[in-house]
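Given chain A, put chain B in place with the hints provided.
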Amino acid sequence: MRVYFDKKRLFSYIVILILSIVFASFYGGPVSFVWLYAVLLLFPVSILYIFLGNRFLSLYQEIEVHKVSKGEVHNFRVMMENSGFLPIHKLTFGLYTDRCDILRISDRDEISLDIHEKKELNSPISCRYAGAYYVGVRYVFFSDPFRIFKVRLEVPYSFRAVVSPRITDIAEKSLDIENIVNSTGLKSAMLYEETPGSDFKAYSPGDSISAINWKVSARLDELMVRVPDRMEKRTVTLILQAANRPEREQDLEFLKKRDYFLEFVVSAAWHFGEQAVPVRLVYPAGEIRESIVDSYDTFLEFYNIVADGIFYRSDEEVQALEKRIEVWRKAHSDENTFILIREDREQGDDYCCII
Amino acid sequence: MVVLHAYRAWNEGALEAFGDGFVLSALLFAVFFCVLEQLFSFFVKGIVPVFVSVLPAFLIYFLVDDIETMPYLGASVIVAAVFRLVFGLLPFSGQIVIYGSFILAAAAVYLNFGVHAFSGENRAELYTFVALVILILSSFQHLFIEKRKGAFPFSYFAIIGLLIAFIPVKDEPIDWTPVIEAGERIARGAGDIYDSASYYFSGLFEGGSLATGYSSLGNVGGKAYGTEKTELILTTVEKPYVIYQDKETDEYMKRRRGVYLVGGRGVDKENLVMFLQMLYSQDVTRDTAMLFSHRSEVEIEYAYLRTRDEIVPLGSYKLSTMGKEFDSGTSTLIHKKGYRVKASFLDMDFGSPYLAELIRQASTESATYAAYDELGDYMKEVYSVDLRNIVSEAEFEQIMKEYSEPEEALDTTGCSDEMKELAGRITGSFDNDYDKARAIEEFLRQYTYSLDIAEEDAQNVDMNTASGMSKLAELFLFKTGKGYCIHYTSAMVMLLRLSGIPARPALGFCYLYPFEEEEAYRVSGSSAHTWPEAYFENVGWVPFEPTATYPTAQSLSWNKVAKEAVPEAEGIGEAVSGDWYKEYIDDVAFFDPSEPGEVTEEETDAGEAWRIVKIAVIVVLCVAALFGLLLLGAAIVRNLRYRHGSPEQKLRMDVEQIKKLIRRHSREDFLDRGFLSDYVKRAPESLRPELEYVFGAFYRLEYGGQGANSVTSEEIAKAREIQDILGSRNKKHESEIR
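As you go down the protein sequences, you meet chains A and B in turn. Per the working numbering, residue 1 is the first one in the first sequence, and the count goes up by one each step. Per the working numbering, residue 1001 is the first one in the second sequence, and the count goes up by one each step.
Not one of these hints is a red herring.
Which bits of chain B does chain A cover? Going by a derived footprint, with three or more residues having C-beta under 8 Å, they are:
hint, region
1, 1129-1138
2, 1141-1153
3, 1172-1182
Just so you know, these hints were derived from the structure itself, not from any lab. Positions of the beta carbon are idealized from the N, C-alpha and C atoms, including for glycine.
With the rest of the complex left out, here is chain A:
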C-alpha cells in the first residue's frame, strides 16, 4: 500500500482546517462546530470508505487463451464486482505497462461501481517478453472525494501469463561461429554412420549398387535398394544454465534476460530439430532434467514447457547442474559436444560456449 498526496490540495485542506478551528475558537454553536467536525472527519471517513471499498472489490483478470505467444495479440478481460454496501467511485488502475501493451485499458480510466454492480473491461493485450510473469492490472487506486490523497493498493490476484518465446534463428550465428572456429562439427552434426536399413525403395540413379537387394528385386521384378539407416556418430548436448532468482525479485531486467535466454534456447533447439539432428537438452525444470529433441514433435514438446518450466526447485539443483557441467568439462570427448548457454554470465563471457 502506498499513499500519494496532492500537495496543493493538502495545503488547502490544512488552511481550511486551521481556519475552521480558529472560527470555532471564537464562535460556538452548530455553524462553527458542525463545519469543523465535517472538515475533521473528511480524512478518517475517507480512509474508512477506501478500506471498505477495497475490502468488497473483487477483481478478476484473464487472457482468453491458455498459452500466450510473445508479441501476439490476445484478448484480455478484467471483471470487477463491488459486493459491498457502499458505491465505489472512480477507481483507477496501475497496469504492468513495462511488460505488456494493453491497448484499450489505460492508467487514466476511471471506473465507478454501484452497490453489487459488475463491470467487464476487454482489451487486446500483447506480451513483450517470453517467460512466466504477471500482466494486466497490478494496482488499484482509490482517492478521497476531494482528491487530497490517493491510495495505491495491490491487486490480490494478478494474472500470470505464460508467454512462449518466438521461434527465431538468433542462435544460429553463435552455433555457426563455434563450428567455424573450433571445427567441432556442430554444424557437421550430420556426420552419421550409414548402416544398411531394413526399408526398401525402388532403385533410382545414383543409388549404390551394393545397396540393391537382389532377392527382393527378383521377387518384385524391379530393382529395389535398401534404404540406409543413419547411425549417430556424435551427440550434441545443450546445457541451459538458467539464472536462479526468486520470483519476487524478477524485475523487468530479469524478464528481458529471460526472454533472450528462452528465445536463444528455442532457436538452438529448433536449429537442430529442424535438421532432424538429435540434440540432448539438459535444463532445470524444478530438478535437472534431460530431453532429446530430434524431431518436430519432440521440439514442440520442449517448446511447450520452456516458457514457464525453467526454474530451480532449490539451491541444491543449481549446485547439481554446476557439478554436472564441471564433470562434462573435464571428460572432454571428440564424439560428444557440450554447449553451455548461460543466462547469467560474467563480464566478457560468451553467451554460448563449448565446454
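Chain B in isolation, oriented as in the chain A frame:
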C-alpha cells in the same frame, strides 16, 4: 426543512405553536421516506419507488394525529411526504439541491450571526445544520472537484453527517484550557530542567531581577514577576480537601485545604503554650477543640531553594530531619535541594466561628493559667500529645514569666497622621481587638493586587523594620492603591499597631492543596507569601490574610459544626459586612453569583411512549407489507412477460433464473466471469448434460447470428424442467439445513 427552520428563526413565533419538535420530526420523516425509496428502488426502477415510499405517510398521519403531547407529528409527516414527492418528481431537482445548498448556507450564516438563530443544544437545529453541511460538501465536490462529471457517492457524506450527529455541539467556543494546561505541564517539565541547572549554578552568577519566591522577601517593594519554580515539595497522607455539608442546600461539598508554612520560626513553643492556655482557661473540651484544630503531619522537601531557615507549618510542635529532632528556626548550614523536614503540627481553622469566639472572649476576659503538669495533661487529653515532651518545665516557667505584649510589635515609626486617622476610622466602631483586626483585614482586601509596581514607586525597604513597613503602607494605602503581599502585610501590620494591637509580619508560603490527591504537592515560588499576625491578650499570635488574591481563613474554613450546642459565635461576618469601608474605596465591584434557573424536563407519559412504540410497530409492518406487495408485483410482471414473450425472450429469462438458482444452491462464493460453463460445474452432476443442452441453445441464440436455428419449444421445456428441479432441490437443501 431548512427553509422552514430558517423561517422560524427569522420570524420568531410563526411556527411557535409547533416548535422545534415539528422541524425535527419532519426531518426524520423525510429521511425515513428517502431510505424507503432507496430500498424499494432495488426492486422497482423509475418513479414508482418515490410514490410507494410516501404511502406509509397516510397511515402514520392517522395514527399520530391525536397524540396530544406531540400535536405537530401529523403535520410534519405530511410536510415531509410532500417534500419527498416534490423533490422526487421535480425536474432538475438535483441541480436545485446543489445550488440551493449554497444559498441556504449563506442564509444560515446570516441567521446565525444576525439573529443568533442556531443553538447546539437544540437537536432539531443541529440536525438541520448537519444536513446542510453535508449537502454543501457534496455540492462543492460535484461542482469543483468533479467538474459536474459524476458526484462522489452521497453515502460518504451521509456517514460524515451521521457521525457528526452523535458528537456533542456546544454553544460556547472551543475551550483550550486543557491544551494550555498540558502545555504548561510540558513547560513546567522543561522549567524544572532549567531550574535544576540555574539552581546548581546560582552560586556562580548573581541575578539582577526580583522574582517571587521565598528568598526574595528580604529587600522588597519594587516590581516583581511570578515564577513557577518549585521551591518545596510536600508529602502528606491527609486528604488535600475537606468535606462539609452546605447549610443552605444540605449537599456535601469539597473544599481545598490551605496551609501556612512559616520560615525562621521552628517550634513556636511560646505560641503553643499560650494557645493551650486559652483553650484551658475556657474549658474547651476535646470535641470542641476538634471543631477547629487537629493534629497533622507533613514532610517538607526543599527543592530549588537555598536558605538557612526551617520552613515549617504554623503551629508546629515537633520537627525532625533524618530522624533527628530539632526546634530551632534557623540552621547554621544553608539547606539545599533534597533537604527534608518532617513536621508534626496543630492544624488550626482560624476561620471557624468557634475559634473566633474563643479568641474574642479570651482577649477581653482575664484568664486562668494552668500549671505545667496540668497543661501537659490537658494537651494529652485534647490532642493526645504530651506538652511535657515538647516544652520542658523550665522553658514553660520562662514562657509564662516573660510572655507578654511584645513592645517592638507596637512600633509605628514612620506612620503618618493620615494613616493613624484611617486606622481609627476602620476600627473605631469595634470594642474588641479581634474584630478590629478582622475589620482591617476586610478593608485591605478591597485594594487591587498587582505585581506591577511603577518604577518611581518601587522602594526596596526592609520589612523587618517599622519604618520600612510604614513606607510601604503609606505608598500602598494613599498613593498607588495596589500592590502585592508585602504591601498588604505592611499596611495591615501598621494599621493594627496604630489601633493598639501588636502585629508582626510572617514570612513563608501560603499553599492551597489541589482538589485531587497526589503523591506529592509542589509548592512553587509564586506561593511564597508574607502575611500579618496580630497578638491578642491571652491568645498569642493569630494570622490574618489581607492580600486580596489569597483566600481568607473564613473562605478556607472546615465548616465543622458541633453536634451539641456550644457557645455560638456571633457572626463576625455580619459585623464587617456593612458598607462602612466604602467611603474610603470607590468603585468596589462585588461578585453576585446568580444561580442558573433550574432546568426542568418534561416527563414523557408512559402511556404515550407505549403508543408511539405501537405506532412504530404498525409502520414497520406496513413497510414490510409494501415490500411484499412490491415483490409480488414484480413476480407477477415477470410471469406475464414470460407468458407473452417470444421463445427467445423465454429462454433468456429461463437462463437467468437457472443462473440465480445455481448461485443460491452453490455454497461457495464465486465470481460470475460470464462463462456458463462455471455454472455447469456448480450444478448437480445429474443435471449437467441437460444444462449444457440448454446453455448450448442459449449460446446459439446469442452468438449464432442470423442463420442460426431458432429456439425450440423442447429447449424451453427443458429449461423449465431444470428450473423446477433446481427449485425443489434448493427447498430440500434449505429444509435439511433447518
